[in-house]
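Peer 1: Protein chains in written order, with this note's numbering: chain A, 11 to 420; chain B, 4 to 110.
The hints are simulated quantities; they were obtained by calculation from the structure and are not laboratory data. A few of these clues could be false.
Where chain A lies over chain B, by a calculated footprint (3+ residues, C-beta under 8 Å) [said to hold, decoys possible]:
1) 36 to 43
2) 88 to 99
Derived DSBU-like pairs (lysine-lysine); straight-line CA-CA distance at most 35 Å [claimed, not checked]:
3) LYS107/B x LYS316/A
4) LYS133/A x LYS305/A
5) LYS182/A x LYS107/B
6) LYS94/B x LYS316/A
7) LYS214/A x LYS107/B
8) LYS305/A x LYS88/B
9) LYS305/A x LYS94/B
10) LYS191/A x LYS175/A
11) LYS364/A x LYS175/A
12) LYS107/B x LYS292/A
13) LYS292/A x LYS305/A
14) LYS133/A x LYS77/B
15) LYS88/B x LYS107/B
Note that the Cβ used here is the ideal one computed from N, Cα and C, for glycine as well.
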Amino acid sequence: MKTDYVRRAITRRQLLGHAGMAGAALAAGPVWAQAIAKLPLPGGPQERPIATDFPHKGAMILQRSRPPLLETPFEVFDQGVFTPNDRFYVRWHWAVIPTEVDADKFRLAVRGHVNQVQSLSLKDILAMPRVEMAAVNQCSGNSRGFFQPRVAGGEWAHGAMGNAKWTGVRLKDVLDRAGVKDGAVQVRFNGLDEPVVPDGPDFKKSLQIDHARDGEVMIAYAMNGEQLPLLNGFPLRLVVPGWYATYWVKAINDIEVLDQPDDNFWMKTAYTIPDTPHADMKPGQTGINMVPINKMVPRSFVTNIKPGQTIQAGAPTLIRGIAFGGDTGVARVDLSSDGGKNWQVATLGKDEGKFSFRQWQSDLTLPVKGDATLTVRCTNANGIAQPDQPNWNPSGFMRNVIEATPIVVA
Amino acid sequence: MSRTIFLLALLTGLAPLAAQAQSQLVLKSDKIDLPDRGVTFAGPGSDVLNNNCLACHSAGMVLNQPAMAAASWKAEAEKMTHVYKAPVDEKDVPAIVDYLTRTKGAG
Numbered sequence: 011m012k013t014d015y016v017r018r019a020i021t022r023r024q025l026l027g028h029a030g031m032a033g034a035a036l037a038a039g040p041v042w043a044q045a046i047a048k049l050p051l052p053g054g055p056q057e058r059p060i061a062t063d064f065p066h067k068g069a070m071i072l073q074r075s076r077p078p079l080l081e082t083p084f085e086v087f088d089q090g091v092f093t094p095n096d097r098f099y100v101r102w103h104w105a106v107i108p109t110e111v112d113a114d115k116f117r118l119a120v121r122g123h124v125n126q127v128q129s130l131s132l133k134d135i136l137a138m139p140r141v142e143m144a145a146v147n148q149c150s151g152n153s154r155g156f157f158q159p160r161v162a163g164g165e166w167a168h169g170a171m172g173n174a175k176w177t178g179v180r181l182k183d184v185l186d187r188a189g190v191k192d193g194a195v196q197v198r199f200n201g202l203d204e205p206v207v208p209d210g211p212d213f214k215k216s217l218q219i220d221h222a223r224d225g226e227v228m229i230a231y232a233m234n235g236e237q238l239p240l241l242n243g244f245p246l247r248l249v250v251p252g253w254y255a256t257y258w259v260k261a262i263n264d265i266e267v268l269d270q271p272d273d274n275f276w277m278k279t280a281y282t283i284p285d286t287p288h289a290d291m292k293p294g295q296t297g298i299n300m301v302p303i304n305k306m307v308p309r310s311f312v313t314n315i316k317p318g319q320t321i322q323a324g325a326p327t328l329i330r331g332i333a334f335g336g337d338t339g340v341a342r343v344d345l346s347s348d349g350g351k352n353w354q355v356a357t358l359g360k361d362e363g364k365f366s367f368r369q370w371q372s373d374l375t376l377p378v379k380g381d382a383t384l385t386v387r388c389t390n391a392n393g394i395a396q397p398d399q400p401n402w403n404p405s406g407f408m409r410n411v412i413e414a415t416p417i418v419v420a
Numbered sequence: 004m005s006r007t008i009f010l011l012a013l014l015t016g017l018a019p020l021a022a023q024a025q026s027q028l029v030l031k032s033d034k035i036d037l038p039d040r041g042v043t044f045a046g047p048g049s050d051v052l053n054n055n056c057l058a059c060h061s062a063g064m065v066l067n068q069p070a071m072a073a074a075s076w077k078a079e080a081e082k083m084t085h086v087y088k089a090p091v092d093e094k095d096v097p098a099i100v101d102y103l104t105r106t107k108g109a110g
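Please take these sequences and the hints and turn them into a complete structure.
Peer 2: See below:
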């Protein structure tokens, strides 16, 4: 496919030329400011640099510089239900990522099992009916660093998620423009990122045809009222409300309607979960059926009280946080200070739509001095509540256990 | 077009917006430079990682991993070669596993 409208971070040749040259960098040493975030991951390591020099980004937790893996510092989630673009987390699979896109020359291809192949400019897409939706984008492995036993991967705390108001067009409208032929089963999405090595698996994801045409899946060209940062998928990003972010393909330039199920590596092997309740299994357990990760599950967090913080005994303290229902809205949020024996119902904030973060708050009065633990539980509109036991799987996916915040009452 | 107009266009209505409002929105070409940290593996036995691993990713991802058993490190190294087709010399894998088990801990 012709892609003369894009420049990428590093060419494959440059990257492969890196081998053997690495020693030269040793002498230079780090020169950037060394602010440190401490993530409370069991067994560590807990320290990460805070990076402030990534383009269009403010202070971010640096999990990996190349390809960028930037986590949203948790205090950002206390500042409102919408995560600012410059604090929105970043995750790329391959190091060859787009660093320059010509908005006039960019084209989105719609091809495969269709009547009329399309090559759409951004102007074409902007002229189509516009839709807007608030939706949470959460990495499949958000909170992986809390898995026990620990598992390999991006060692995130809770900041591999964000909520934005997405503006764009319905995927359905784009598909209708091409005319999906009878017999289509899935739609596959590819972006401007590329494998470092030529025979490495290009990152592509697919949705079932009915899902792709449900009128909710979007192609977004703006988040929170601005064009997307390149690191978050400029110029176009798939928005799959209620589903994990692995499907929200960044910088999409290719939509392929398939008449056979997609068996590419990123669907068949990567991003699969145990087909069990809560995607839970035991370490080393065999005979488990693995399926592609899909819908999100409810989660909730305290955002205004840090672990270990002291609150005053006998006086009401405002406890505040965020919740999301996963693939549907938040029905209720409950707060406990005695390990889940007693719960009090929190007051929910403004409803920004069923796929959005929802703020909650509750006044809590604890008469007895000493250590205590706050726990918060979201129940979604389908009646699904967060479990009180953590799940485990070898990829560290789909954590949604009731989270605990230790406090001191004094 | 100014950013203000762009924002107004987005904020004025429910979806789908009127055709006129839609025409207000413009997407601008973008170009970024990514910072290069130049972080490498250090200490005895690190050369083999610096030569094999840094073509595809920076060292930070590896250094942030928890302690894991040697078998888990071996599985990770083999995933890089077999699944992601990293140009890692097979004969270097034991030395990579040895370095990671020594420096990161064996779980």
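Peer 1: Now, for every hint given, state plainly whether the structure supports it.
Peer 2: Here is what the structure says about each hint:
1. For a cut-off of 8 Å, the count of residues in the stretch 36 to 43 of chain B with a CB near a CB of chain A stands at 8, and the three-residue condition holds.
2. Note: the stretch 88 to 99 of chain B has 3 residues with beta-carbon separation from chain A under 8 Å; the three-residue rule is met and the coverage holds.
3. A distance of roughly 29 Å separates the Cα atoms of LYS107/B and LYS316/A; the hinted pair therefore holds under the 35 Å criterion.
4. With a C-alpha separation of about 32 Å, the suggested pair LYS133/A and LYS305/A falls inside the 35 Å cut-off, and the hint holds.
5. Among the hinted pairs, LYS182/A with LYS107/B is inconsistent with the structure: their alpha-carbon atoms are about 48 Å apart, more than 35 Å.
6. Proposed proximity of LYS94/B and LYS316/A is contradicted: the alpha carbons are some 47 Å apart, above 35 Å.
7. As the CA atoms of LYS214/A and LYS107/B are separated by approximately 32 Å, the hinted pair is consistent with the 35 Å bound.
8. With a CA separation close to 30 Å, the supplied pair LYS305/A and LYS88/B stays within the 35 Å bound.
9. With a C-alpha separation of about 42 Å, the suggested pairing of LYS305/A with LYS94/B is violated against the 35 Å cut-off.
10. Note on LYS191/A and LYS175/A: the hinted pairing holds, with a Cα-Cα distance of about 32 Å set against a maximum of 35 Å.
11. Between the alpha carbons of LYS364/A and LYS175/A the distance comes to roughly 12 Å, so the proposed pair stays at or under 35 Å and holds.
12. About 24 Å separates the Cα atoms of LYS107/B and LYS292/A, which keeps this hinted pair within 35 Å; it holds.
13. At roughly 22 Å between alpha-carbon atoms, LYS292/A and LYS305/A fall within 35 Å of each other, so this suggested pair holds.
14. Note on LYS133/A and LYS77/B: the hinted pairing is violated, with a Cα-Cα distance of about 49 Å set against a maximum of 35 Å.
15. A distance of roughly 24 Å separates the Cα atoms of LYS88/B and LYS107/B; the hinted pair therefore holds under the 35 Å criterion.
Of the numbered hints given earlier, the model fails hints 5, 6, 9, 14; all others are met.
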